[in-house]
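Construct the entire structure; sequences and hints are all you get.
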Amino acid sequence: MKPPDSALPLVELRQVSFAYSERPILNDVSMRFNRGQVVAIMGGSGSGKTTALRLIGGMVRPKHGEVLFDGATVDIANRDALYAARRRMGMLFQFGALFTDLSCFDNVAFPLREHTDLPEELIHDLVLMKLNAVGLRGAAKLKPAEISGGMARRIALARAIALDPQLIMYDEPFAGLDPISMGITANLIRSLNTALGATSIIVSHDVHETFLIADYVYFVADGRIAAEGKPAELQASTDPFVRQFISASPEGPVAFHMAASPLADAFGLTGVVPTAGATGVAAAAPVAAATPGSEA
Amino acid sequence: MTALLDRLDLLGARVIGLLAMLGEGAMLFFRLLTRGLGAFARPRLVIDQIHFIGNYSLVIIAVSGLFIGFVLGFQGDYILSRYGTEQSVGLLVALALLRELGPVVSALLFAGRAGTSLTAEIGLMKAGEQLAAMEMMAVDPVQRVLAPRFWAGVIAMPVLASVFSAVGILGGWLISVKLIGIDAGAFWGQMESGVDIFTDIGNGLLKSVVFGFIVTFIALREGFIAAPTPEGVSRATTRTVVIASLLVLGVDFVMTALMFR
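Line by line, the protein sequences are chains A and B.
Read in my numbering, the first sequence has 89 at position 89, and its numbers run on one by one without any break.
Counting the second sequence from 1 gives a position; my numbering is that position plus 1000.
Don't read these hints as lab results, they were simulated from the structure.
Do not rely on the hints blindly, as some may be mistaken.
What the hints assert, rightly or not - Listed below are several chain A residues computed to face chain B (Cβ distance under 10 angstroms; list not exhaustive):
1. Ala-84
2. Ala-85
3. Phe-99
4. His-115
Virtual Cβ for every residue (Gly too), placed ideally from N, Cα, C.
What follows is the structure in structure tokens.
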């Protein structure tokens, strides 16, 4: 087998466009995920971050453009090639997606039992090593319903790395975690990436934790890449979108209100002339006028 | 004119939607039949599901069979005694159960007991992204999750229908022989001479195998295509009972016409 070209990115999106029915999600997006790096895709909710992961994993097909994994196109139509590529990937879903009828041990053992002929004794040792790596060897016998959300995600991480993948994808790994779990998870992502010599892609909107561990960051907005660079470069960026996102400010190019008709129209107050005594109407009018972003 | 075009448009969209749904269903069925055979490479998976699907349905099937047998005993005696042939009640009970009620009622109960549970299980696995996680681990959920359940349902259904019929006959015997006082020799003798192993028992078993295919497939498919929300899973569960029950009754009519006419 030819050794991988280290100059070649492990994953590449080339001018990819994607839409759910008529709703465009990504538009002519190109990204490179270099080997050995932790790369983050950041952006607001619904900006297409998770869709990028689904494209890389071959769960959806791009409308235009190409998704490459280790130099080969991710082809949904070729099931055998797709499954061969997926065996070299690990994915951590937002809520872990653990199999609820299996114990934590059996969840981590699942990919090993499915894809290898290893004896059960060896699987036992490997699973305990993976669980130990995420600090949850003690939870081996518990069912997913008996552990917390943060622990479930760490078990799912142990499962995702069970086959020592080349690529690990994390879908919102920090969402809903307490500060301690968040810090632990961030350190785990970084240390596992180094220990396994893997490439990691993190989809997140948690700026602080992501900037701590990422080597490179893509900001996605309105289906396009709004900004990209190393975390330090983005911290110093004067781009209004990046500034708004990093400072979590309500003021900026990303509007709080979704496009809608004027508030007065929605309340059926258009053309109503306020009269003396009609205090409700008189009070509503200035509210409608003062609400920024309520105009379509 | 525009309204007419709109209606035509809507009709066309519905026809295309229906064809797409049928095509999707046929493809899933084909996948279950072909790739699903791989489930037998790990018989433990199928055996676990037979235990879950079959064993847990046993009580409702047996109790229902017993009560239907009771009713057949009473009604058989009431009708046959009008013609002085109440000694044939054993034959009536056996034929009614083996040919029709055994396969059909046990399939309807199976749809309500095991079918809904299968749909909800698969639907919730989908909602919890467990099926997507499996896909991402390069494990085919059709082969790993759906196929063992499918074959377990197909295997369990004729066994359950047989239990239903056997317990039903026992119920008929209790009522007509023990309660009403019909001669036990006549009850069993008429049954023995009147029931054909191929025409009656064989065709009844064949029906229950077909119903096993229908109910299990509908249950799994509805779960597999359910919207990944609580409402979606709830609707899918309802659809399983409605579609499977109607299909069982419709197919039973066709099979009866072909087998016994």
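Against the structure shown, which of the earlier numbered hints fail to hold, in ascending order?
-> Result: no hint breaks.
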